[in-house]
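Here the protein sequences come in this chain order: S and C.
According to our numbering, the first sequence is numbered sequentially starting from 13.
According to our numbering, the second sequence is numbered sequentially starting from 13.
Since the hints were derived computationally from the structure, they do not count as laboratory data.
Incorrect hints may appear among the rest.
Which copy is meant is left open, so a pair is good if it fits within one copy or across any two.
[Stated by the list, open to error] No farther apart than 25 Å at their CA atoms in a straight line, the calculated lysine to any residue pairs in the SDA-like style are these:
| # | residue 1 | residue 2 |
| --- | --- | --- |
| 1 | K129 | T255 |
| 2 | K129 | R340 |
| 3 | K129 | S258 |
| 4 | K341 | D309 |
Just so it is clear, the structure is predicted and the values come from calculations on it, not from any experiment.
2 protein chains.
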Amino acid sequence: MTYPPLALTLGDPAGIGPELTVSAWETLRLSEHCFFWLGDPALLNNVIPTEIISTPLEARRVFPHALPVLPLLCTVPVVPGQPNAQNAQTIISSIQQATQLTLSQDASGVVTNPIAKHILAESGFPHPGHTEFLAELCSAPGHEIMMLASPELRVVPVTIHVSLQTAITTLTTQRIVDVARITHHALIRDFGIQSPRLAIAGLNPHAGEAGLMGHEEQTIITPAINILRAQGINAQGPYPPDTMFSATARTRYDAAICMYHDQGLIPLKTLDMAQGVNITLGLPIVRTSPDHGTAFDIARALDHSPRAADARSLIAAIRTASTMVQHRKENAV
Amino acid sequence: MTYPPLALTLGDPAGIGPELTVSAWETLRLSEHCFFWLGDPALLNNVIPTEIISTPLEARRVFPHALPVLPLLCTVPVVPGQPNAQNAQTIISSIQQATQLTLSQDASGVVTNPIAKHILAESGFPHPGHTEFLAELCSAPGHEIMMLASPELRVVPVTIHVSLQTAITTLTTQRIVDVARITHHALIRDFGIQSPRLAIAGLNPHAGEAGLMGHEEQTIITPAINILRAQGINAQGPYPPDTMFSATARTRYDAAICMYHDQGLIPLKTLDMAQGVNITLGLPIVRTSPDHGTAFDIARALDHSPRAADARSLIAAIRTASTMVQHRKENAV
């Protein structure tokens, strides 16, 4: 059984997105993980065969011998390493079209190439990043949550891009319950895990050591765990944050619910910088992205010399999205 | 050139300390890493040869064929797994004597077996833990700082056993400068690193992203880095906490100065739970300990069946202390 292809966005054309796209197609073209690119074919400098498509339906036929491209032309010429806000609209259109095609089921999921928020902000883009923009496009603002996944670990931070102080003061029982519930259901539907095991982190050193080093475990986190368990969700904790990511501890859960950004991202990136995938849960669509930025410092015009940018994270993002789509369809049957 | 032996403390006799001590002697007895034990020989049940010594001077002669023991008898019989506050004074005496013997240069450093703070607290012990007690015994209260070291990473948290909220509100430029300076000098004197490279972590996600997610990088941390550099210390940062512990990033520094407990301990324990060593810097004496607790749940009476407790962290602590002593003596010449 085949599914519609994945939609891969342009990302910032002055970053490494075009190079990553080429590498991903080279690696995946003979696999089942079919995608098409919403981008400007001129950026690829003919280093791989491309074929313009007019509808995602054509992608699977094209994919083994050429990168299927749904063309979106840049407004001004692209200089690698030098982002230009005049191309912001093309970047944004790529995200919009990928999302629309997925909502209409012409594509089966969205994989986004990296963008630079400050470049889009210059052109009036009001969203902190991809994730919030996608949530709005899906009419689900505020429902989005971020999972980071690598071969060894899945983490879901309860708070994301706020100061550590704000992370502490905005932590609530309700937010933990919401994030854990969405994660639980996503592990079943999108990851094929029938009985997900969630590990809930503490906030403080040693998970507060019975209140000696902070009270949030007692007042906020344990009440959330109790609510989750009463709903039949296998949530354990709160665990001391420093020991819960060891090799042994990691085998005991399917995802760690983390109280702040770095509590989840430090162990993930310490273990594996190359293959981390950013997954947005809580939206009606499947969406993944590589776990890194535009890397303007190493971006360069494509030619036939060996690729310099490490495409493993984008490739992992495409494979993960494809697998999620497959699980979701199987679970829907 | 040989140095005085290391003094290994009793720790809580109802924990795994006695078993770890036996394993450490078995592993190290033919090495240069000589130690004697300040404990109760009855606890060892004759599973290894022991020899009572009356002074540390005898330890090096004894060490290859028997564990040298400076005897300290428990007050009440020890039941493995069931700590008893009536033995607290023996536990405390062991730490006191080890420290005194090191201050008098009869021993070259202190390695502590794990204690249970709540058991000592029951008997009126007023210190939060070993480290603070040792600082007082050395007449250096408040000067102690904690380094955690594994084969892959050294971390020094600026704040330790306080809530995350307190860690944020008590963070000061002066404290970062003090901790980084002590670390810098210890890396030279005790670790033999001529030109130490310090990586200073940010506090907030993405190191605050120019103030968008927190201001402490701008108001507290960067000023500390500037002061350190003006003093000739190679301090770089503030680095985004999630990426600074990756395999590549770790090669670029000798120690990471971390803003709170879990920022340093999460990456260290994620990489290596077995061989982490806790090192107290800022004291006149060398002191290390294993990076785990008493493990009352797996403690048992010693017999000739295979050892169950993992002694790698204690063995690493002894080796580390021994190497620190050697560097310190060489640097003092």
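Hint-by-hint comparison with the structure:
| no. | hint | in the structure |
| --- | --- | --- |
| 1 | K129 x T255 | between (34 Å within a copy, 19 Å between copies) |
| 2 | K129 x R340 | neither (31 Å within a copy, 50 Å between copies) |
| 3 | K129 x S258 | between (34 Å within a copy, 24 Å between copies) |
| 4 | K341 x D309 | neither (40 Å within a copy, 46 Å between copies) |
Hint compliance for this structure: hints 2 and 4 are not met, and every other hint is.
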